[in-house]
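Start from the sequences and build out the full structure, keeping to the hints where you can.
2 protein chains.
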Amino acid sequence: MTVDISPSEFRRLCKENSFWGHTSGCVPGYAQANVLVLPKEIANDFADLCARNPVACPLIAMTKLGSPNKVDNRLVIDDEDFDLRTDLPKYGVYKQGNLIREASSVADCWDLDSHIGFLIGCSFSFEAALISEGLAPRNVLEKSNVSMYLTTKMLNPAGVFTRCPYVVSMRPYKATDVEKVRLVTREFRKTHGEPIDWGYDAVERLGIKDLLLPEFGSPCRIEDDEIPVFWACGVTTQVAAQQAGKHSANDDYIFAHVPGHMLVLDIKDSEICCL
Amino acid sequence: MTVDISPSEFRRLCKENSFWGHTSGCVPGYAQANVLVLPKEIANDFADLCARNPVACPLIAMTKLGSPNKVDNRLVIDDEDFDLRTDLPKYGVYKQGNLIREASSVADCWDLDSHIGFLIGCSFSFEAALISEGLAPRNVLEKSNVSMYLTTKMLNPAGVFTRCPYVVSMRPYKATDVEKVRLVTREFRKTHGEPIDWGYDAVERLGIKDLLLPEFGSPCRIEDDEIPVFWACGVTTQVAAQQAGKHSANDDYIFAHVPGHMLVLDIKDSEICCL
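Sequence lines, in order, name chains A and B. Everything in the first sequence is counted per our numbering, starting at 11 for the first residue and increasing by one. Everything in the second sequence is counted per our numbering, starting at 11 for the first residue and increasing by one.
These are computed hints drawn from the structure, not numbers from a lab. Hints may be right or wrong, so weigh each one.
You can't tell identical chains apart in this list, so a pair holds if it fits in one copy or across any two.
[As the list claims (entries may be wrong)] Keeping only pairs whose Cα atoms sit at most 25 Å apart, straight-line, the calculated PhoX-like set for lysine-lysine is:
#1 LYS100 x LYS184
#2 LYS50 x LYS190
#3 LYS278 x LYS74
#4 LYS256 x LYS190
#5 LYS25 x LYS100
#6 LYS190 x LYS80
#7 LYS153 x LYS184
#8 LYS100 x LYS278
#9 LYS50 x LYS105
Predicted model only: the values in this text are computed from it and were never measured.
Quick look at the structure:
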């Protein structure tokens, strides 16, 4: 159902609440984005956070105040029916840093005088390139959500966004394949690019608590001849927004995609390098 | 001598080997840059490193292959007499990652078929703004070189540049002034922007060995009512180049400014925010 349709048709399924699953493997060939929607008081700080941390938070487009149905880059979304309030399969709704519910739409609580949406590149985009190089990630082969971990590596702070940790995604590879994997993914500058670390010693360097128990996504088997390879992950932005919300007196809603449940874009995986 | 002259005149003093000191406070009002000159084999990887780590490695201009007397941004250097082979007060000359000598010119060993120069923003540029806000850094008041430390915080890797640590500069401030200090410096996006961490607990987070013994620059007194405030520092790029040199079979020279002995630019401190 979600394979032979266009991005616009897929987003209509989300809009109509006919699809609410994770989007790994959905609408092959097209890029997907992490989504974060913030009140205007902290939106500038967040734009700075992205500029100061382009590997973890690669900003690819944003909405203007009052216009949830348009982004500032038509290469990314070019669709008159688009509406960021409804077109994600599943939203997390946060208040003061706490997830208060999941929802299939946030049209009822999006404040046109305040909310600004940010689209952040997603590592799903380079998975197609890895597949075509004979380096298919296990999570794709097994149709599971990728493993994601909280780390102790800190983003460069920006305004209210201080002490924000990197979240990383992990895909296991043979040590002899790592240089090829780095080379294939480094072209994808707007979707996290090459890995930020690799090997079992990286687990300690990144301060990952338990490789078998990812904080987000699904656990992933690592074979004896493989090592974990870690990429920066767009879920970083959600954790940052939650932390900022916790330390702010602001009572506004924050919205984000539910991890793995991304916004499907009109730009192809093969074109997103050019952004 | 170095106060009431133009950037071009100051660079001529360097060219003629009449000035070889550190440049803190020299040619007030004008920005200064960290310099790194690399063989072409690793220049693309370094440009990627800058793109992936804009806070530590804010690239503001570079030379083209074969043209050490011109940079790709005329706002930064606009001077027919400019020559990156001679216009620094003091160069470090490296081979395979080791400093083999300091020199007042590298004209004799710059390879026109290989070397590419990179100019990286320098935190001296925001010191003028701090001064005018009544927040003069101690190193400026005492006319000493700023304290700089190696950390265990890693850059996002790019090609041959893997496992490269951040180098930070430190200026002590009263804890109550930190938010103002952050606000003043964050506008300087191309010269490291706001601090990356602050407070005595940051010393541990950053893995700094001994606050009293900076790896580069001069030690700096911290009063009882002050805390250390840490900015990313352009010396990061030198350490990265040394590491890359150590792990490469390449026998080419690498050049860099000696820490604190920067390239004086034609762009003003007040204009460098706009780059």
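(Q) Hint compliance check: list the failing hint numbers for this structure, sorted ascending. (A) Violated hints (numbers, rising): 1, 6; every other hint is consistent with the structure.
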